[in-house]
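There are 2 protein chains.
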Amino acid sequence: MRPSETIHGELCVGNVPLSRLAERVGQTPFYAYDRQLLVQRVASVRAALPAGVGLHYAVKANPMPALVGFMRPLVDGLDVASAGEMAVALDAGADPQDVSFAGPGKREAEITQAVAAGVLINLESPREVELLARASQRLGLPARVAVRVNPDFDLRGAGMRMGGGAKPFGVDAEQVPALLKALGEAALQFEGFHLYPGSQNLNGESIAEALRECLLLVKRLAASAPAPVRQVNFGGGWGIPYFPGDKALDLAPVTAALAEIQHRMASDMPGARLVLELGRYLVGEAGVYVARVLDRKLSRGQVFLVTDGGLHHHLAASGNFGQVIRRNYPVAIGTRMDATEREKASVVGPLCTPLDMLADRAELAPAQPGDLVVVYQSGAYGPSASPQAFLGHPRCAEVLV
Amino acid sequence: MRPSETIHGELCVGNVPLSRLAERVGQTPFYAYDRQLLVQRVASVRAALPAGVGLHYAVKANPMPALVGFMRPLVDGLDVASAGEMAVALDAGADPQDVSFAGPGKREAEITQAVAAGVLINLESPREVELLARASQRLGLPARVAVRVNPDFDLRGAGMRMGGGAKPFGVDAEQVPALLKALGEAALQFEGFHLYPGSQNLNGESIAEALRECLLLVKRLAASAPAPVRQVNFGGGWGIPYFPGDKALDLAPVTAALAEIQHRMASDMPGARLVLELGRYLVGEAGVYVARVLDRKLSRGQVFLVTDGGLHHHLAASGNFGQVIRRNYPVAIGTRMDATEREKASVVGPLCTPLDMLADRAELAPAQPGDLVVVYQSGAYGPSASPQAFLGHPRCAEVLV
Chain H
1 MRPSETIHGE LCVGNVPLSR LAERVGQTPF YAYDRQLLVQ RVASVRAALP
51 AGVGLHYAVK ANPMPALVGF MRPLVDGLDV ASAGEMAVAL DAGADPQDVS
101 FAGPGKREAE ITQAVAAGVL INLESPREVE LLARASQRLG LPARVAVRVN
151 PDFDLRGAGM RMGGGAKPFG VDAEQVPALL KALGEAALQF EGFHLYPGSQ
201 NLNGESIAEA LRECLLLVKR LAASAPAPVR QVNFGGGWGI PYFPGDKALD
251 LAPVTAALAE IQHRMASDMP GARLVLELGR YLVGEAGVYV ARVLDRKLSR
301 GQVFLVTDGG LHHHLAASGN FGQVIRRNYP VAIGTRMDAT EREKASVVGP
351 LCTPLDMLAD RAELAPAQPG DLVVVYQSGA YGPSASPQAF LGHPRCAEVL
401 V
Chain G
1 MRPSETIHGE LCVGNVPLSR LAERVGQTPF YAYDRQLLVQ RVASVRAALP
51 AGVGLHYAVK ANPMPALVGF MRPLVDGLDV ASAGEMAVAL DAGADPQDVS
101 FAGPGKREAE ITQAVAAGVL INLESPREVE LLARASQRLG LPARVAVRVN
151 PDFDLRGAGM RMGGGAKPFG VDAEQVPALL KALGEAALQF EGFHLYPGSQ
201 NLNGESIAEA LRECLLLVKR LAASAPAPVR QVNFGGGWGI PYFPGDKALD
251 LAPVTAALAE IQHRMASDMP GARLVLELGR YLVGEAGVYV ARVLDRKLSR
301 GQVFLVTDGG LHHHLAASGN FGQVIRRNYP VAIGTRMDAT EREKASVVGP
351 LCTPLDMLAD RAELAPAQPG DLVVVYQSGA YGPSASPQAF LGHPRCAEVL
401 V
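Protein chains in written order, with the working numbering: chain H, 1 to 401; chain G, 1 to 401.
Note that these hints are calculated values from the structure, not bench results. A few of these clues could be false.
One copy or any two copies: either way a pair holds, since identical chains are not told apart in the list.
[Said to hold, decoys possible] Below are the SDA-like pairs computed for lysine to any residue, each with C-alpha atoms no more than 25 Å apart in a straight line:
1. K344 to G93
2. K344 to A365
3. K181 to V303
4. K181 to G301
5. K344 to G165
Work out the full structure: start from the sequences and follow the hints.
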């Protein structure tokens, strides 16, 4: 669900028409995130999840402090990818007990910070056992650890595979028993397993299948664990539709698989909680990026709407963030939602590079300077994933409405 | 020319071995730029340019204030792409007379700033005539303007075409006469033309051909100019070799074309100065990105060197900045330059995404945690063109040595 309400032909975010919101923010471009849509999305996921499954928010998707603070009481925990994100999560009031920290290259100082904070650390390498043992000893606190496993299977149909084969993420499944032994000897507090098989997956069947395979793998590995498994984090990777032809994820097979897994875990790993960590799926559709049209240029028959925003604020929409083929994010003229006329126009930014394109020959309401362009599906991996300093233009603002 | 001197098996930048430089900087990762290599590169370009051709530095390639300050006295002018870059150029001591400002989407406030500063503004649209006239009138200063032209030909062999066809950059050649008329009527101070046919071009012949075509176009357009042409900026776009198989640009055909153009301009446009604006070509090879190996992981037979740096500091090296196919930048283990042994290793960063890769199965000296990985050809479009806030990791440092 993305913002769709309009008032007098203007798109609203959190019931505020865009042009008024721009005045409130005091500048364009900006990102706007809709609280009500966040609440609705979390509620719909909760409704789909079997009772007892923990829902975590992956801060990396959108680390805006106000948004993390808003999400915190809605979910059961926060997952972070750096000491920087950990600080945001703790400042947002998260109980360290419910925070987990993953990342393939943790610096020694970060590991110490995580132990001092008391968060759950997802171990990704034998080296981290040593560093954690040292930090635990020095601080007099046993580090809480889960083992991130690089599974011995691939997730099919995923937008981006992060498990299976040779990977920098996690510990190869076949190396895990030895690591668990080392972990027990180092007197670290073992709590469970973390598996993250992929991201931006729109195929519910393949997510369900991966979940089932994850369970089999974890059951196998749990036999070598130095302590009972208390938490099993099966990641997320639930996708949202960005491009023409993308279909919203069908949760039915996922829900069925989770119910089955819950049932099996109750008998096979009593006391272990199943946790999912969702980022993009929770926040991606609730946000829009808004830029103002500065100029309308006609070049050899083609209309260019030149805006004050672009690639430097929204790298993903420009097609330069992992996409092989550039496709348009959904865009609209947010100040002309009632218009029925359409023209083919390209939306570009202020940068001196052809990469700075937000929409390539999209069907849009005819726009003029002053109008506001909206890029939908922009609640995740927006400003934090963009080169904001590029060409010395001002940073974008963010607002939670 | 890139840093190549070594001392005791360590790569040096500005005569300082990398590990000492890391201690001086106080952190890894960092970018290091070699003053001597900058001087040498400017000298070699000067030697190739016919007498009288102006050499400008395009700040966008590397806006580090210390570097811009160092380049300023070496070149004849600075080109900027935003009010932010203009401030850097003026703070570096540039004479506004020698600063030019281009960009397809200038905000009204930026235009006012540029007029107040007295820099040359490259007009890119009829709308800018109005805004400039208004600012000039209000400030009591005639705006200095050049017309950026979107040529009616394509530059062949360019890495990235920025002229020809329908483009958001500049004014279509066929619309220029009308614009020049409007410009004269608005009492703006016309000074010349700007053409920027492409970027990262490694084919000297195609650059030479474009220069010749640019001259013909400018001669044609000059007939409609409201005042004598004082400056003709033919851009840059000279490439540097990044990837296996890339050959360094052969300047001979470019030099020959420039000499011919100088000769013709002397008779056809007396009083007009030919200016080139180079960014990447001047600074790209003088810089390296340096990250520390945090972990050495073996996953299913493949070696991963996990470093504290990655995509968030060096988006281009990760292959996510306009590249269609990911290829490795030149990389080395900067602390093991004497090693003769080689292994196949992938260099990855600390981010939880498979996009965070600096080298995919490169032939490298076997490295251990603590070693420093060097990415060459990193003096241009580095930190400013990267999503530094991504996943909450620390920003990189920059040092001019």
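Homo-oligomer pair classification [G165, K344; C-alpha up to 25 Å]: Result: close only across copies, 16 Å inter versus 44 Å intra.
Status of V303 relative to K181 across identical chains (alpha carbons, at most 25 Å): between (64 Å within a copy, 23 Å between copies)
Copy assignment of K344 with A365, given that the CA separation must stay at most 25 Å: The answer is within: 9 Å in one copy meets 25 Å, while 53 Å across copies does not.
Copy assignment of K181 with G301, given that the CA separation must stay at most 25 Å: between (69 Å within a copy, 22 Å between copies)
Within, between, both or neither, where K344 and G93 count as close if Cα-Cα is 25 Å or less: neither (47 Å within a copy, 45 Å between copies)
Hint 1 from the earlier list is the only one contradicted by this structure; the remaining hints agree with it.
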